[in-house]
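Working from the sequences, and respecting the hints, build out all of it.
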Amino acid sequence: MANETLAGGAFRLRQADPATRRAALNQAIIYTVLIIGAAFAILPFLYTVSVSLMNLTEATGGRALPSTPQWTNYTEAWHDAQFSLYFMNSVKITLISVGGAVVFCALAAYAFAQMEFPGKSFLFTLLLSTLMLPEAITWVPNFITVSWLGRISPIPWINNWPSLTIPFMASAFGIFLLRQFFQQIPRELWDSAQIDGSGHLRYLITVVLPLSTAAVMTLVLFGFVGAWNALAWPILVTTSSDWRPISYGLLVFLDEAGALLHLQMAGAIITMLPIVVLYFFTQRHFIEGIATTGLKG
Amino acid sequence: MPGLHYTISAKSGVGALALQNWESGFHVDSTASQPAAFRSDLRQQVRAAPSWFRGRQGRRLREMLLAYSFLAPAFIIIGLFGLFPLAFAAYESTLRGLNKIVGSYDGLGNYVKAVDNLIYIITFWIAAALIYFAVQAFVRAFQEQRQEKTKPLPWLMPGFLTAAGAALFTRFVFILLPEMLLIPSKLRGQANTQEAFRALVVETWWLPKVQIALWIAILVLAAGSVWALLINRRMPTSSRERIYFMPFFNAGICLIGSAALTWFTWTEISAAYTAALEEGVELELWSQIVTISAGFLLLLLAWRLWESASGRSSNTGVALRLVGAVGLMAGAWVLIAELPRVVAAGDEDWWNGLMATVFYVLGTVPIQLGLALILAALLFQKIRGQTLFRVLYFLPYVAPFVGTAAVFRIIFSNRPTAPLNSLLDLFGAEPLLWLSEPAGIIQMITGGNIDLGPILSGPSLALVAIMIYGTWTYVGFDTVIFLAGLGAIPNELYEVADIDGAGGWAQFRHVTLPLLSPTIYFLSLYAVIGTFKAFNHIFVLRQAAALGTTDTASIVIFQAFKRDTRYGYASALAILLLLIIMVITLVNNRIASRRVFYG
Chain A
2 MANETLAGGA
12 FRLRQADPAT
22 RRAALNQAII
32 YTVLIIGAAF
42 AILPFLYTVS
52 VSLMNLTEAT
62 GGRALPSTPQ
72 WTNYTEAWHD
82 AQFSLYFMNS
92 VKITLISVGG
102 AVVFCALAAY
112 AFAQMEFPGK
122 SFLFTLLLST
132 LMLPEAITWV
142 PNFITVSWLG
152 RISPIPWINN
162 WPSLTIPFMA
172 SAFGIFLLRQ
182 FFQQIPRELW
192 DSAQIDGSGH
202 LRYLITVVLP
212 LSTAAVMTLV
222 LFGFVGAWNA
232 LAWPILVTTS
242 SDWRPISYGL
252 LVFLDEAGAL
262 LHLQMAGAII
272 TMLPIVVLYF
282 FTQRHFIEGI
292 ATTGLKG
Chain B
436 MPGLHYTISA
446 KSGVGALALQ
456 NWESGFHVDS
466 TASQPAAFRS
476 DLRQQVRAAP
486 SWFRGRQGRR
496 LREMLLAYSF
506 LAPAFIIIGL
516 FGLFPLAFAA
526 YESTLRGLNK
536 IVGSYDGLGN
546 YVKAVDNLIY
556 IITFWIAAAL
566 IYFAVQAFVR
576 AFQEQRQEKT
586 KPLPWLMPGF
596 LTAAGAALFT
606 RFVFILLPEM
616 LLIPSKLRGQ
626 ANTQEAFRAL
636 VVETWWLPKV
646 QIALWIAILV
656 LAAGSVWALL
666 INRRMPTSSR
676 ERIYFMPFFN
686 AGICLIGSAA
696 LTWFTWTEIS
706 AAYTAALEEG
716 VELELWSQIV
726 TISAGFLLLL
736 LAWRLWESAS
746 GRSSNTGVAL
756 RLVGAVGLMA
766 GAWVLIAELP
776 RVVAAGDEDW
786 WNGLMATVFY
796 VLGTVPIQLG
806 LALILAALLF
816 QKIRGQTLFR
826 VLYFLPYVAP
836 FVGTAAVFRI
846 IFSNRPTAPL
856 NSLLDLFGAE
866 PLLWLSEPAG
876 IIQMITGGNI
886 DLGPILSGPS
896 LALVAIMIYG
906 TWTYVGFDTV
916 IFLAGLGAIP
926 NELYEVADID
936 GAGGWAQFRH
946 VTLPLLSPTI
956 YFLSLYAVIG
966 TFKAFNHIFV
976 LRQAAALGTT
986 DTASIVIFQA
996 FKRDTRYGYA
1006 SALAILLLLI
1016 IMVITLVNNR
1026 IASRRVFYG
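Order-wise, the sequence lines are chains A and B.
Using this note's numbering, the first residue of the first sequence is number 2, and each one after it goes up by one.
Using this note's numbering, the first residue of the second sequence is number 436, and each one after it goes up by one.
It is worth saying that the hints were derived from the structure and are not from the lab.
Glycine residues also receive a C-beta, built at the ideal position from the N, C-alpha and C atoms.
Mixed in with the good hints there might be a few duds.
Stretch by stretch, here's where chain A covers chain B in the computed footprint (C-beta under 8 Å, at least three residues) [stated by the list, open to error]:
#1 629-643
#2 695-706
What the simulated footprint calls covered on chain A by chain B, stretch by stretch (three residues with Cβ under 8 Å from a Cβ of chain B suffice, anywhere in the stretch; the number is not a length) [as the list claims (entries may be wrong)]:
#3 28-38
#4 71-85
#5 129-143
#6 164-177
#7 274-281
Structure representation (structure tokens):
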């Protein structure tokens, strides 16, 4: 196939060699298709940024660009929607649930990857089978479980952090992801750790985890995105804005802001920004994490 | 792999072979590569260790307990919030009531409400399928026995016992659950304090029937696993004896499940007959079950025949088979045409939700995968800025759904000045209602004068808008996974194809596509199941004006729970959704095992 770079192809085009001319044409077509695809992917985002900087008449009038950027829209949306509250809620929920997920998933993944015990394959199959369950089937039972647990534990669960974080502190996906990485660590390392008198737990903390930062990073990112996306469950278990996460906050704001499109879009940008920034900084971990777990299905 | 297994008791003699074999022979040996000095060093270490640590059994036990304690937190959470809900939902789905956690017992009532008499046919076929799976597990085990000369039979009893233990444990859950759920209502009239609640919890836990059920389950479970462990220990470690525990365990679970389901359905059907007798209505349950089942059997046969046709070489054979298959299908159609009458009294919202989901799958998955494949194939050429393209394509998938859905709500707004409507205006077309349009698109294209019925008029324009959003979100995700799949194809294959004179398209068709088939398979399954689970963006994008035409299965369940507070009914719908997803997965696996090429 066409392996020349665009510049090389263009240079040889002048020599009118039919084969290279075709290659250059191929390249041009490929780039055109790819750029059109990219345009479709990011146009909605650009449109959002543009509308979020308009005033009300411009936003409802169907203009493409604001005449003068209204940066105050962002502060206005931030105050109107109580985003500082929702933002902090989401950050707290994310930190607690992702912190728990890293600890519990790492322990379980280590046991599956590096230890021998009866019932290993059975437990692993059981674990993977939970991936098939639709979230919808857990709504009613978990809602009841959570409210019931709130009655017997010292702190309430409904409309409080436990119901929003504890169910997400361990997942089949996270254990599977970490196990894939832990398995690749050569057994010789464990041998030498043993000679140094290290037990499993110390080996996991001092050797395995530092070697698997990429995997842990991926898990953290997924936890972050998951917590930022959560909607159905927070709607069910929160009764006031005290613990509502940002996606729910945005949904409430969309209804409140009604016709104020520019504020709605500013709110959407505020919601999306942390994840998008995080994504741009860690996109390699992110995409590779998805690709490796996705391929193995 | 071993190394850690060097902590071997002195009596077994430290030949490399003994080392290799000591732990059940599973491990690939790497001792040969270790220098002898290193090994003797290790032996020194081992001798210095305390005796309980040196003992082979002690070491194994220690590792086992440590492994279980590592697993415990994750399994408690997943068990409580991921597995237990399945049993809980099954229990809850048999109860009826508004805003009541423990409603009155209603058997299959909720299911009948959702899908009418079809539920009896479904339970009948699940019971039959479970027996089929059990038989299949047996047959496979014994086929393997003949080929590999191993003995599966000793595993029969421990497998079945453990399965019975698991079933008894489920029974314990079903006994404990209602008692625990009734505690709040018992508290009525008393001081509603946490102490009183906790006291009642403790009291419920120590109820004789709860304790008896628990201990029976524990004893049977323990008997089964100890038996299995004993057999495992007695097995000669040198021979690579296969462990037949799982097949028999699965078979046991299937048989017990089938029996329980048959009994349950039977009592339900008899109850339905008695009720019908009292009311003097004629109940055609059995004839319906027979007709529909026969229809699906014919369909299955037709599919089998169709499949076998593809393997034939003679043209007449193929033709005969195809004609037969078509004939059978026609017969099946006649019988299945009875279906609408069987499900007539079902819940319209639920059927519409399923129909919307099917439309959604058909309208998004092929387009999404096709576009992604094209983009991935192009990106895989040596392209400048490949990373940049990849990052941009992936952005819609990463950005929070509620945020992007809010954007699309405005893009697809019904205002005349909204982006898409101004685009239409450019071409001189009338503005559309988009997300607020309940009419089917085929209906709209044909002018809306003829009533096409719910299926033929196609998805509503509102649903189409949501499909466009769904495709926009997932194309980048699919592209990234396709790219990884393309990267896994060895380059030599293309070089060989080049030498053979295969052109670009031929290479794509005969090298890329077959080797990419596992990825295509994974992505399509993921996309279909994802659609059945889809909730967030549809919940944000749905408008009251679309009259529920955009509500997919998950939304209907959510509304039954949150808006109508019919807990039992929502659970029943969720169980039905799970069944659909399981059937899709099974059928997909079947097809994949034949069609997918794992290079």
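Tested hints:
1. Here the stretch 629-643 of chain B counts 4 residues with a CB under 8 Å from a CB of chain A, which clears the bar of 3, and the coverage holds.
2. Taking a C-beta to C-beta cut-off of 8 Å, the stretch 695-706 of chain B contributes 0 residues in contact with chain A, too few for the three needed, and the coverage statement is violated.
3. Residues of the stretch 28-38 of chain A lying with their CB closer than 8 Å to a CB of chain B number 5, which satisfies the three-residue condition for coverage.
4. Only residues whose C-beta sits within less than 8 Å of a C-beta in chain B count toward coverage, and the stretch 71-85 of chain A has 0 of them, not enough to reach three; the restraint is violated.
5. With 12 residues carrying a beta carbon less than 8 Å from a beta carbon of chain B, the stretch 129-143 of chain A meets the three-residue requirement, and the given coverage holds.
6. For a cut-off of 8 Å, the count of residues in the stretch 164-177 of chain A with a CB near a CB of chain B stands at 7, and the three-residue condition holds.
7. Coverage of the stretch 274-281 of chain A by chain B holds [criterion: at least 3 residues with CB-CB distance below 8 Å; count 4].
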